[in-house]
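Q: Sequence:
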Amino acid sequence: IAGPAELVDAVRGLSRPFIFTTALPPAVAAGALAAVRHLRTSEEERDRLRENARLTHRLLRERGIPFLSDG
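Here the sequence shown is numbered in our numbering, starting from 5 and rising by one per residue.
Keep in mind that the hints were calculated from the coordinates and are not lab data. Quantities reported herein were computed from a predicted structural model and do not represent experimental measurements. Hints may be right or wrong, so weigh each one.
What follows is a list of derived Cβ distance ranges for each label pair [to be verified]:
no.	residue 1	residue 2	range
1	L37	A57	16 to 26 Å
2	P8	R62	26 to 36 Å
3	A14	R54	29 to 39 Å
4	V12	R65	19 to 29 Å
Where a beta carbon is used, it is the ideal one built from N, C-alpha and C, also for glycine.
Please put together the full structure from these sequences, using the hints given.
A: This is the structure we're talking about:
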């Protein structure tokens with residue numbers, strides 16, 4: 005789909021063929037939930053995740069690539 009963002013969002017959200025294609029497959033959602041639950045119990049891996057996020061943000065900024073950030 006090509007066009008203004010509002011049009012693309014409307015077509016994706018309201019078009020019958022797209023209604024169920026935008027949802028995550030159950031296996032992907034279950035995997036994400038398992039990862040979050042695991043990270044709750046592993047301080048070392050949470051720290052590594054934070055470091056990787058900082059590195060990714062820095063590299064994106066250096067290259068002028070826009071991204072969503074929490075601050």
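Q: Please go over all the hints and tell whether each is borne out by the structure.
A: Here's how the hints hold up against the structure:
| no. | hint | verdict |
| --- | --- | --- |
| 1 | L37 with A57: 16 to 26 Å | holds, 19 Å |
| 2 | P8 with R62: 26 to 36 Å | holds, 32 Å |
| 3 | A14 with R54: 29 to 39 Å | holds, 37 Å |
| 4 | V12 with R65: 19 to 29 Å | holds, 27 Å |
Checked against the numbered hints given earlier, this structure breaks none of them.
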